[in-house]
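**Student:** For the protein sequence lines, the chains are A and B, in the order given. Position 243, counted from 1, in the first sequence is what numbering that gives the first Met the number 0 calls 242; the numbers after and before it change by one each time, with no gaps. Position 136, counted from 1, in the second sequence is what numbering that gives the first Met the number 0 calls 135; the numbers after and before it change by one each time, with no gaps.
Derived from the structure by calculation, the hints contain no laboratory data. Not one of these hints is a red herring.
Using 35 Å as the maximum straight-line C-alpha spacing, the simulated DSBU-like pairs for lysine-lysine come out as follows:
id : chain 1 : residue 1 : chain 2 : residue 2
1  : A       : Lys359    : B       : Lys128
2  : A       : Lys212    : B       : Lys201
3  : A       : Lys132    : B       : Lys20
4  : B       : Lys200    : A       : Lys24
Just some of the chain B residues that point at chain A, by a computed CB distance under 8 Å:
id : residue
5  : Asp25
6  : Lys200
7  : Lys201
Quick reminder that beta carbons are idealized off the backbone N, C-alpha and C, glycines included.
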Amino acid sequence: MVSAFQLEVTEDGIGLLTFDVPGQKVNTLSAPVFAELSEIVTKLEGRRDLRGLIVRSGKAGQFIAGADLGELSVLSLATPAEVERGVRRGHDLFERFSQLPFLTVAVVDGHCMGGGTELILSLDQRLLSDNSKAGIALPEVKIGIIPGWGGTQRLPRLIGVHHAIRMITTGDTVRGAEAVALGLVFDVVPTDQLMSEARRLIDMAQNDDDWKKIRERRRQPLGMTADQVAFTFSIAEGYIRSKTGSQYPAPLMALKAIREGINLPLSEGLKVEQKISAEIMQSPTAANLISIFFKGNAVDRDPGIDLRAHRPKDVARVGILGAGLMGAGIATAHARRGIPAAMVDTENERIEAGLKAAAKVVQGRIAIGRATTDELVGMMALLSTSTSHSIFADCDVVIEAVPENEQLKTKIFGQLAQVMRPDAILASNTSTISITRMAKSAPAADRFVGMHFFSPVDRMALVEVIRGDQTSDETVATIVTLAKRIGKTPIVIKDCPGFLVNRLLMPYMAEAVLMLTEGASMDMIDKAATRFGMPVGPIALQDMVGIDVSCFAGDVLVNAYSDRAVPSLILRELVKCGRLGKKTGSGFRRYVGPKGKPAPDPDFDPILAKLQSEVRSFAEEEITDRLFLAMLLEGVRALEEGIVHEPAHVDMAMILGTGFPPHRGGLLGWCDNEGAATIVERAAKYESLGLRFKSPEMLIQMATSGERFYPQSIATAKTID
Amino acid sequence: MTNAVITHAIRTPIGKASPDKGMFRDRRADDLSGDLMRRLVDISGIDPHLIGDVRWGCVQQQGEQGFDIARNAALIAELPIEVGGVTVNRLCASSLQAINDCAMHIAAGFEDVQIAGGVEHMHHIPMDKDYNPSPRLFVKNSEAIMNMGLTAEYLAVKHRISREAQDEFSCRSHELAGKAITSGAFDSEVVPTWGRCDDGKKAKLTRDQCVRDDCSVESLSGLTPVFNPQGGSVTAGNSSPLSIGASAMLMMSEKKAAELGLKPMARVLAIAVAGVEPCEMGIGPVPAVHKALRRAGLSLDDIGSIELNEAFAAQALSVLKLLGIDTKRVNTRGGAVALGHPLGASGCRISVTLLHRMQSEGSRYGLATMCVGQGQGVATIFERIED
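Hey, can you work out the whole structure from these sequences and the hints?
**Tutor:** See below:
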């Protein structure tokens, strides 16, 4: 391996250690990097002549991204001894760093994450640049593990227990003035002054021994009293449980490591961390969350079209037809990323409401300090509006976001053909209507494509790019590239009713309604789903989405998959009564008070009673199985039909589009964890309910052969190269 | 009566209340306080478990100064949890009051070892933030009693203190403060404190930031009066600047000091507070000093060293005029016009400077006095304890 480090010594006796892993966008701490770093520390330990050491990154705007996740994911399969070795490797090295015989300073001009943060925590001082990207985090809990190279012990000894708990158990990044206020860094300075400031710190340390005392103090127990420990950690535990439920063990394990190590000398505290870290590294949740990280990367690299083979067209200007919730959201998403967007609607009032909605997105971010007024001004400047289609004349892409009505849409396509440039692409934000069929009315079938955003657009990362029979590769590549430019995760899907997300979600939603008519209570159904890890239950989701919308989409799917899809008769009844969900104040439940809190609605009972076929008791297991098997089997069918070609596409689409719990490893990852044979066996129990529970051929084969959707460790296969 | 003595007296340098230039612009009042308390414990070598209470002056008790900053700072200082903390507010005299409160508790035998001191961060928490008095306060008083500058203007007119006299007095304050800094006279009282240098870099600082080397009567005379631009005489140059700082003392009974083998700097001999008309609040020291002297059985002639807080030159000169004190005797290391007046810290700050002056000047008796907004004066007389 080529050297990742460069060590120079300046004339005035300061060591400059530059970390720059060749051929990688970011610096990661892999085994070879560790080996090299270890040799360097050995050299440094002998350098009594040095006045100080500055550690920096050779990559602009990037410091250290952390441990090598490929190696981490392998650890979930390794023996406990191997895991312990991996963890101890970091501890030993950083311990040696922390005891070098001169002042050590890290200069951080970019992201500093995980293992990188643990490295700089072992140094005497840290400086942060005022670059807006520069920030320090210990995000380990987000992938189901805990900081394992000293983070749980060194951070609280540096910034105190409270803020250390917050940083470690949320994984949030600390930047700028906050980092200074917390004492995490000495100061924030402009990038071009980082080095001179680091030198000044080293100069100051020559006649002031404070750093030696501070170093020694940070090796001691923090010295919390029994009450301080009992109170602090029980409050933190209660808070974490209220935020993460019981499905994410990592924050609580991190808390445990802090609690058990904090009142011990550092060297003992590190041993506590080692033990707990090794334990969690091998938990299934950690393995699942790490696998999701890699699935996300896989989708990023391969969204369903080879972008190297098909050149996307340049997109300088985008038109959006419709200033409603979706249209305004889509226009905002483009303008926010610097792409001029022209928004058209029939009436000025609707356009005004759309602009207001656009501004609100950025204002909301300003309120939480994630955007500036300059960004708002810049974004609004890129939004132009009109009630006339002629404004689309110079648009490279026009995205249609009018109400979900095929006749209306196709009529408008005819009008658009009059004004759009002959080489422009028309994309439809339809959630249900066939792209192949509508292509017949589009200005050009090869330049017609589905671009399905999810609501709310500013928060939902997924974009389904739907390829009709005649959609060209260039069109798909252009829309995929455009979606990436506006910060979304595009996944290319072959046209089919419901596309991917709704096709898989609808059987799950329908099954929930069906179980209601069989006598399961709606609270029980929702609870089974949220216990599985869904953000909201399916009945609650019906009310949130809107009963009319759900009913319409359900009908499309029932017609398309009539062999197995079950119509939700209750939805039609509710629509008839005008109970359209939260937006009208009632649906399955009623919504009360200024915040519209859900409450049981006695008026719903007679509607249900009319359609209730039986009243029997349900075990939670049956509810969970029927909900998620219905979803899973449809997912396997979609994969089998080649709607998408990668299992990761199914899993990421469901995570990003529906909030399917990442800690399950994704929908197909969940199947892998349970084992195809088990799934087939469990589905067979419900086969009498209908064909929707009939396992597809692909799954049956997997059950026999023991094959999986993903190799034993997706990471081993994909990253160590 | 048990005598209260002071064994250690320290302060931070005083910074400007400026969002872009202030040396303490990104330091917090509670942290500055905590660091100073810690320092007091460290230099005295005292077992902090002996400390009974912390009495800390602070005027604007909100934000970082809110929720009993005395206690919060004691916790930040990692004093033992058994040590109490109470925030004292008598506006500008808050920390002089804190000293007096400690002395009273010691005298009464209710408490022994204590920390007295105070802090104010006039940039982070402006002096008049959220202040909202009842209209009934203004039945007989103009609302302008709240405007300290206008009360100073009133004193200037009433006691015929000329603009020239104010500017000369102010210039003297800067010169003496500058001299004290360069001669190292403050070295024994000022604790090097982390802040920002002129170039924005963080460093341990000792120099009081408001003191001007280039101050002249000419330059001061060019300034427009702030509070009454038409015909007034009180300017930004002859008023104390808005500032930030903390000051602290370790106090205990004379007996405890002997027991611990600590050498006291001085004992508290007499204390007094007196009310005056709010519209001439600056004159408050006059009755307070008379009262304190009476209680000490002394006359002004017995007092060797005097620190009179310079809220405004016009105010200080009015007080000196009425008390018949020669200007030369007061504030020989400069006063608040030059050094700054971080409200909650000032009473203890002038006392700290006074005690160090008494050591070097060899005076037996010293007087610290100051005026208080809304019409009060506080005075404390110290007696130096010789070896």
